[in-house]
Amino acid sequence: FGRVPCGLVLPCMGINCLRMMQGGVPGAANLGGRATLEGIVRKHVEKGGLFAAICAAPPLALASWGLLDGHKATGHPWFVEKFPPKVTAVDANVVVDGNAVTGTGPATSMEFAMALVEQLYGKEKVEQIAKPMLVRYEGGYSMKELNSVEWHCSGTPKVLLPVANGIEEMEAIILVDALRRANADVVVASAEDGVVVTARYGTRIVADVMLDEAADRAPFDLIIVPGGMPGAKTLGGCEQLVALLKKQAEANRPYGAIGAATAHVLEPHGLLKGKKATTCASMAGLLADGGECENRVVVDGNVITSRSPGTAMEYAAAVVEKMMGRDEARRLAEGLLFLS
Numbered sequence: 001f002g003r004v005p006c007g008l009v010l011p012c013m014g015i016n017c018l019r020m021m022q023g024g025v026p027g028a029a030n031l032g033g034r035a036t037l038e039g040i041v042r043k044h045v046e047k048g049g050l051f052a053a054i055c056a057a058p059p060l061a062l063a064s065w066g067l068l069d070g071h072k073a074t075g076h077p078w079f080v081e082k083f084p085p086k087v088t089a090v091d092a093n094v095v096v097d098g099n100a101v102t103g104t105g106p107a108t109s110m111e112f113a114m115a116l117v118e119q120l121y122g123k124e125k126v127e128q129i130a131k132p133m134l135v136r137y138e139g140g141y142s143m144k145e146l147n148s149v150e151w152h153c154s155g156t157p158k159v160l161l162p163v164a165n166g167i168e169e170m171e172a173i174i175l176v177d178a179l180r181r182a183n184a185d186v187v188v189a190s191a192e193d194g195v196v197v198t199a200r201y202g203t204r205i206v207a208d209v210m211l212d213e214a215a216d217r218a219p220f221d222l223i224i225v226p227g228g229m230p231g232a233k234t235l236g237g238c239e240q241l242v243a244l245l246k247k248q249a250e251a252n253r254p255y256g257a258i259g260a261a262t263a264h265v266l267e268p269h270g271l272l273k274g275k276k277a278t279t280c281a282s283m284a285g286l287l288a289d290g291g292e293c294e295n296r297v298v299v300d301g302n303v304i305t306s307r308s309p310g311t312a313m314e315y316a317a318a319v320v321e322k323m324m325g326r327d328e329a330r331r332l333a334e335g336l337l338f339l340s
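For the sequence shown, the residue numbers in the UniProt record's numbering are 1 to 340.
It is worth saying that the hints were derived from the structure and are not from the lab. Be careful, since some hints might not be right.
[To be verified] DSS-like cross-link-like pairs, simulated, lysine-lysine; straight-line CA separation at most 25 Å:
#: 1; residue 1: LYS131; residue 2: LYS233
#: 2; residue 1: LYS47; residue 2: LYS144
#: 3; residue 1: LYS43; residue 2: LYS82
#: 4; residue 1: LYS247; residue 2: LYS273
#: 5; residue 1: LYS158; residue 2: LYS247
#: 6; residue 1: LYS273; residue 2: LYS233
#: 7; residue 1: LYS86; residue 2: LYS43
#: 8; residue 1: LYS72; residue 2: LYS47
#: 9; residue 1: LYS131; residue 2: LYS144
#: 10; residue 1: LYS82; residue 2: LYS72
#: 11; residue 1: LYS246; residue 2: LYS233
#: 12; residue 1: LYS123; residue 2: LYS72
#: 13; residue 1: LYS86; residue 2: LYS72
#: 14; residue 1: LYS47; residue 2: LYS158
#: 15; residue 1: LYS43; residue 2: LYS72
#: 16; residue 1: LYS47; residue 2: LYS86
#: 17; residue 1: LYS86; residue 2: LYS125
#: 18; residue 1: LYS247; residue 2: LYS233
#: 19; residue 1: LYS246; residue 2: LYS144
[What the hints assert, rightly or not] Estimated spans, in silico, between C-beta atoms of each pair:
#: 20; residue 1: LYS43; residue 2: GLY270; range: 55 to 65 Å
#: 21; residue 1: PRO84; residue 2: ARG217; range: 45 to 55 Å
#: 22; residue 1: VAL149; residue 2: GLY27; range: 31 to 41 Å
#: 23; residue 1: ARG181; residue 2: LYS123; range: 24 to 34 Å
Predicted model, so just to flag it, every value in this text is computed and none were measured. Glycine is no exception: its CB is placed at the ideal position from the N, C-alpha and C atoms.
Build the full structure now, drawing on both the sequences and the hints.
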C-alpha cells in the first residue's frame, strides 16, 4: 500500500500560494538536506509567500535553513529542542506567525490543515469544510459501545481494507496508517481493474493486491470499509466483497465501515440487521435504525462504525482498543499525539 506523491511543493502563479513540508523521520531530515528544495522554499519565502511544516519538519528543515529565525513555532515534542535560539518554541498544536505555519504531529494534522485553509481562503472556507467533516480540535477519543463482546484474534491481527475509485482518502489512509502503527497486518485490496485507485479528491492509492487475491487469504480478523462517494457505492456493488462480509458476519468475526460505507455497503446487504450504527449526517436517513448517528464511533457487538474523515483517527483508536486492548490503543494515541 502506498500513496503516489502529488508534489511537496505546490506550483502557483502568485506569492500567496503555499509551500508545505510533511514531517516524519527520517523523511524530514532528508528534506532538510535537499539544497534544491531549500532554494525553492527560500525564494518563495523571500517573495512573501506562505510556508508551512508539521511534526519534525519545522526544526529539521525550515529552522535548519534559518527560515524560522525570529518566529514563534511548534513541532513534534521529540524535536522541539532542535530549534535554534533564534526560534521561539511554543507549546501549541498549531502556530501561525506571519507567513509561517507550523504544527506538532499526526493527530493535529487536521487542525494544521484548517489553519492553512484559513490563511489561503479565510475563516468562512474553514467553516464550510470543517463542519461536514466533523473536525474536532481537542484530543482523545470515545466510543459508544452496545452489547459488548470480546474480539478475538490469534497472534497478529489480520485486517482487510478494500478500496475503489472515489473512496474518501483520509478515511482509508488514516485507518491503514494507524492499524499498521499498532502492528496489525493490513491488506489493502483493490476492487477496480488494477491496483492503483484514484480517491475522491485525486489522491492515487496503490493497493497491496487485487480483491480476488485478498479473498484467497481469508478469513480475516477484521474487515473494515472506507467511505467516500462514489467509492462506497462501488464497494457496495462488489459481489466478492459482500460475500466476504457476509461470511465474516456469519462467523461472528468483526467488521465495520466509516462514513458513506455504512449506508452503502453494510445497510443494503443486511449487515446491520439488529445492530446500532452511525454514518455521515447526510446519509443517516438511509439506515433502518439511525438512532445512534450523532455518535462519532459506535460499537455494537462485532460491528464498529464511524461518521466521517474528521472521526477517522478516533475510529482507528477504537478499533485498536477492541482488537488489541486499551493499553495498545493508548500507546498508539500517545504516539500520534492524540493523547498526552
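Subject >> Given hint LYS125 paired with LYS86 - CA-CA distance at most 25 Å >> reply: violated (34 Å)
Original post:
Is the hinted pair LYS131 and LYS144 satisfied, with a Cα-Cα distance of at most 25 Å?
Top reply: Cα-Cα ~21 Å, so holds.
Subject >> Given hint LYS82 paired with LYS43 - CA-CA distance at most 25 Å >> reply: holds (24 Å)
Original post:
For the pair supplied as a hint, LYS86 and LYS43, is the alpha-carbon distance within the 25 Å limit?
Top reply: holds (20 Å)
Original post:
Is the Cα-Cα distance between LYS273 and LYS233 25 Å or less?
Top reply: Between LYS273 and LYS233 the Cα gap is close to 19 Å, so the pair holds against 25 Å.
Original post:
Straight-line Cα separation of LYS43 and LYS72 no greater than 25 Å?
Top reply: holds (21 Å)
Original post:
Taking only the CA atoms, is the gap from LYS247 to LYS233 under or equal to 25 Å?
Top reply: holds (20 Å)
Original post:
CB of LYS43 to CB of GLY270, is that within 55 to 65 Å?
Top reply: Check passed, 59 Å falls within 55 to 65 Å.
Original post:
Has the given pair, LYS82 with LYS72, been kept, meaning a C-alpha gap of at most 25 Å?
Top reply: holds (14 Å)
Original post:
Between LYS131 and LYS233, is the straight-line Cα distance small enough, at 25 Å or below?
Top reply: Between LYS131 and LYS233 the Cα gap is close to 23 Å, so the pair holds against 25 Å.
Original post:
Going straight from one Cα to the other, do LYS86 and LYS72 come out at no more than 25 Å?
Top reply: The hint holds at about 9 Å.
**OP:** Evaluate the given range 45 to 55 Å for the C-beta pair formed by PRO84 and ARG217.
**Re:** Check passed, 50 Å falls within 45 to 55 Å.
Violated hints for the displayed structure, listed by number in ascending order: 2, 14, 17.
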